[in-house]
Structure formats: structure tokens, C-alpha cells
Amino acid sequence: MEENDLVGLAELERFRLESLAVVPESGGLVLRFDGIAGKVRSLDESYWTDHRLTLFERVRYSSRFNFLGVAVVWLLATSWGIFSVWRELRSLGKSSHASGDAPERHRRWNETRRRLGPWKGDSQQARLLREIANPVSRNTI
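Per our numbering, residue 1 is the first one in the sequence shown, and the count goes up by one each step.
Think of the hints as simulated: they come from the structure by calculation, not from any bench. Built from N, CA and C at the ideal position, the CB exists for glycine as well. Warning: the hint list may mix true and false statements.
[Stated by the list, open to error] Computed Cβ-Cβ distance ranges for the label pairs, DEER-style: (1) 61 with 31: 23 to 33 Å; (2) 18 with 83: 12 to 22 Å; (3) 67 with 17: 26 to 36 Å; (4) 81 with 10: 40 to 50 Å.
Could you put together the complete structure from these sequences and hints?
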């Protein structure tokens, strides 16, 4: 804005006149305002210029949106970290079963225990359970 432009203010919030001074040399007024103007326009010779903030500037300089941005970044980083730890623990759990047929072994173990009935300490039962629990030794004989 230039010093001789006409200024229009609208949608004023908490707006007040702080000072008013007369300039004797030019016969003009010097006004000082404090507050928030929703719309500011200036008339420069033949056309009006709008000086309102753009949507980008409103978002960029808003403390609410800055806080929201920080919270979103924190949430994403924390979620990513939790997901990475969960994925790592899950892969460790899968690699702990070297043979890869852990569910099959558990199923066979439970079938045999059910078929043999209550444990009596019989050596034949113990041998059979050891074979089921360790299928590698059964295949090498």
C-alpha cells in the first residue's frame, strides 16, 4: 500500500482506535488501530486490492493448525515405531519354530495324548511322545 491509498476495513474483531493525530503540514490525519480485520482492501488510483490472507497463509500462521500438524507427525511416528516393533516380534516368533510345522506337531501331540489316555509313566508311551515331539529323530532311523 502507498501512503495516499484509500483503505477499507471490514469484519472487525476486538478493534479499537489507539491514537488519532492531525498532521498540520499536509492537513491529514494519522490513525493507529489495534485489532483484527477480516477484510482489508486498498484503492490505488482505479482498482481495489484485496489484502486478506490466503487460505495457505491462514493455515501456515495459525497456532491451532501448527499444533495439529505436530500432533499428526507425532502420531504417525509413534504408530510407525509400534508397528515396526510388532512386526519384528512377530517375525521372531515365526523363526523360533525351526521345522516350520509347529501347528502340525501340536496337533499330533494332542491326538497321541488323547489316544493314550492319562499318563502312567509307561516307557512305550514316553518313546511315542518323544518321537512325536521330535520328528527329526524319527526320520533318521
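How the hints compare with the structure:
For the pair residue 61 and residue 31, the beta carbons lie near 25 Å from each other, so the given range of 23 to 33 Å is met. The beta-carbon spacing between residue 18 and residue 83, approximately 54 Å, falls outside the hinted interval of 12 to 22 Å. The hinted range of 26 to 36 Å is satisfied by residue 67 and residue 17, whose Cβ atoms lie roughly 33 Å apart. A C-beta distance of roughly 48 Å is found between residue 81 and residue 10, which places it inside the suggested range of 40 to 50 Å.
Of the numbered hints stated above, the single one contradicted by the structure is hint 2.
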